[in-house]
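K.L.:
Take a look at the letters that make up each chain.
Number of protein chains: 2
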Amino acid sequence: MATRSKVTIADVAQAAGVSTATAGRVLGSYGYAAKSTRDQVTAVARKLGYRPNGLARSLITGETRTIGVVAGDIRTQFYASILRGISDVADEHGFGLLITNSDERLDHEMRALDLLMEKQVDGLIVSPCDTRKARHLHRISETQLPIVLIDRAVEGLAVDQVTALNAEGAEAAVGELIRAGHTRIGVVAELLEPEPGGIERFIEDAHAGLVRTAKSMYPSWQRLLGYINAHRAAGLAIDSSLIRPAGSYSSEAAHREARDLLSHAERPSALFTTDGTMSEGVMRAIAEAGLVIPRDVSLVGFDDLDWMAFTPPGISAISQPRYAMGAAAARMLLDRVAGSTAPTSGLTMTPEFIKRGSIARR
Amino acid sequence: MATRSKVTIADVAQAAGVSTATAGRVLGSYGYAAKSTRDQVTAVARKLGYRPNGLARSLITGETRTIGVVAGDIRTQFYASILRGISDVADEHGFGLLITNSDERLDHEMRALDLLMEKQVDGLIVSPCDTRKARHLHRISETQLPIVLIDRAVEGLAVDQVTALNAEGAEAAVGELIRAGHTRIGVVAELLEPEPGGIERFIEDAHAGLVRTAKSMYPSWQRLLGYINAHRAAGLAIDSSLIRPAGSYSSEAAHREARDLLSHAERPSALFTTDGTMSEGVMRAIAEAGLVIPRDVSLVGFDDLDWMAFTPPGISAISQPRYAMGAAAARMLLDRVAGSTAPTSGLTMTPEFIKRGSIARR
DNA sequence: TCAAGTACTGAGAACGTTCGCACATTCCAA
DNA sequence: TTGGAATGTGCGAACGTTCTCAGTACTTGA
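Chains as they are written, first to last, in the working numbering: chain A, 7 to 368; chain B, 7 to 368.
Simulated from the structure, these hints should not be mistaken for laboratory data.
C-beta atoms are modelled at their ideal positions from N, C-alpha and C, and glycine is treated no differently.
Take the hints with a grain of salt, since some may be wrong.
Said to hold, decoys possible - 30 Å max Cα-Cα, derived BS3-like pairs, lysine-lysine: (1) A:Lys53 <-> B:Lys139; (2) B:Lys221 <-> B:Lys53; (3) B:Lys53 <-> B:Lys41; (4) A:Lys12 <-> B:Lys139; (5) B:Lys12 <-> B:Lys139; (6) A:Lys53 <-> A:Lys139; (7) A:Lys221 <-> A:Lys361; (8) A:Lys41 <-> A:Lys12; (9) B:Lys221 <-> A:Lys139; (10) A:Lys139 <-> B:Lys12; (11) A:Lys53 <-> A:Lys12; (12) A:Lys53 <-> A:Lys41.
As the list claims (entries may be wrong) - Distance ranges between label pairs, derived from CB positions: (13) B:Asp45 <-> A:Lys12: 32 to 42 Å; (14) A:Ala344 <-> B:Met355: 16 to 26 Å; (15) B:Gly162 <-> A:Arg52: 19 to 29 Å; (16) A:Arg190 <-> B:Glu358: 34 to 44 Å.
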């Protein structure tokens, strides 16, 4: 290992003929220092190429000015935008960002959190992959380390949260399809964390108006609830064979389900996808089947991805303010880091329906 | 500020009735420790909820097991994929990732590097925003801190690099257009760091075969060179009014240039874009103009983005192995971090032309 | 002229680890 | 037996900062 030249405060102090304490005061700009010594020390520091060692500083100050993030997969536009929002706010406050991926796996998430804790981050922004089995998050929260949850809430965990109005957004989107005359609308959704009683039971209960949105309900389930509510409001029955759980956050799974749905004897006249990854899988299936939107099938997706604006004929979507969600989460976190003891708050962002050419009248 | 419960090795040692040194050996799993003491100490540590403090460890070991990354903009698929490649390799080796954005601005890049250096990262992966004015990178490199450059090389900076065969890839792509009978091919390219002599001069020299690809040439210029080379090889003249410098990494700028190009009296029959961001801007312009690909205009883009596969009629593209580039960069860096003193190497990845339906015969 | 500030400085103790060293004990081959 | 590994333990010094505290010099107001 090459020896890395490291100039310390002591070196600077010696070269400048002052004590390390004084040099420290100048270079860390705290406490008193005469103008003349200040100039002298800074000059020497520059000449020697002094660079402060954040580790030593953090060890003593107890703050690293670093925040840790656990995202699902930074490759997706969803997380990438959120991260950029977080990053800009962090930057503004001189904070660094330690970023990890969970791939929606609990073991990865726990490993990532261990890593972040060990690196002594000042706070965490987490998109938890399990909204129920989250004992590790409870434990971390008990140590008083600030946590902000994003996209999903965890049952019984009293920390700040940023989420979207999922059920309402989905209901609005599906409502558009229904108003356009569609009655057989397919859904491709993750639905990976099963709701108690299973999917059939969920549909039944929801259609009977017995299911209430819980913040800790998984987003794709909330969006499915919106789908069902839209049907209920319009007095439409639900054909559960049109509801396709991909079972994972992969566009391949979505692709498979969509292909199956599109080769159905009574093909649905419209599709609804519960997030960007599902939308991509579904788009691929539609393209491969040689179908044309909206002539052969209409489409609305949750989350507005870049390509939806220019892919003919334009894909209608529910747009969540991803960047703003990230930025808001970061701001909430930094408030806590700065010592705020305000009661925990949940910020719920309202998604917006963006009408484009992907919905045909029937 | 809430007092964060912090259990130290000393606490564990005391509770377990051993010295801090012994407890340290057990918890850090280095040096000797009897089975019985090991069990005793780990049991106590677990009970007290001990968590190692990475700062203290790093301060003494001199390694943080963290690598710093300076990307252009993590929101783009280009950087997001690269980052994911880096992240997976880092993860595999127990390294954390400190991620920053430069937005292709030198001052941002320098600020980001300062932050990363202060946090004592073990190495850097940088996509430098200026391939010539990079004194700060030279300075950092002199401190022996391992650096790997990605996507772009810096003139005279002897560090490991991962780049793509830009000129060759672009030449192949434009060659496809020419072989399909296109003679008026528009280009939308960043071209923000001007080549000496300006763009006109560059075109002239390139067409005369006087320009050789330099690794430190900015990617968009290399790709423009490929465009020109393809023309030269086919014996076609260059109409410089078809070459549009966006001047920045923004799809808005690309959009503007493309719109202008498409309303040209003699509209080009095909377009070539030098990267994903340009492709998005161009797609938007095409959609807004109500043009249909490939009937009204053919299109090939550098960098294969997700949506190109399913956006009708499928957009042909030069695919760079983004994820693999990131992973390779991370591996090269970790080799250096582990002490490798092999001569610096440049890994050049070969892009692949992906034929889809966006090229019409003329 | 004295007391009470204000400006500045340095010694030395933190922070929570790892590491070098010294010392004990055990084990095994010669 | 004997001596040299191998194994196990503790002391105290690092690592490079910040921070407390004591102390000095200089100003100021009564």
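K.L.:
Each of the hints needs a verdict: does it hold here or not?
P.N.:
How the hints compare with the structure:
1. A:Lys53 <-> B:Lys139: Answer holds: Lys53 of chain A to Lys139 of chain B is near 21 Å, not above 30 Å.
2. B:Lys221 <-> B:Lys53: Roughly 56 Å separates the two Cα atoms, so the pair is violated.
3. B:Lys53 <-> B:Lys41: Cα-Cα ~18 Å, so holds.
4. A:Lys12 <-> B:Lys139: holds (25 Å)
5. B:Lys12 <-> B:Lys139: violated (46 Å)
6. A:Lys53 <-> A:Lys139: violated (55 Å)
7. A:Lys221 <-> A:Lys361: holds (27 Å)
8. A:Lys41 <-> A:Lys12: holds (26 Å)
9. B:Lys221 <-> A:Lys139: The hint is violated at about 51 Å.
10. A:Lys139 <-> B:Lys12: holds (25 Å)
11. A:Lys53 <-> A:Lys12: OK: Lys53 of chain A and Lys12 of chain A at ~13 Å, within 30 Å.
12. A:Lys53 <-> A:Lys41: Holds. Lys53 of chain A to Lys41 of chain A sits at ~18 Å (cutoff 30 Å).
13. B:Asp45 <-> A:Lys12: 32 to 42 Å: Given about 39 Å between the Cβ atoms, the range holds.
14. A:Ala344 <-> B:Met355: 16 to 26 Å: violated (44 Å)
15. B:Gly162 <-> A:Arg52: 19 to 29 Å: holds (24 Å)
16. A:Arg190 <-> B:Glu358: 34 to 44 Å: holds (41 Å)
Hints 2, 5, 6, 9 and 14 from the earlier list are contradicted by this structure; the remaining hints agree with it.
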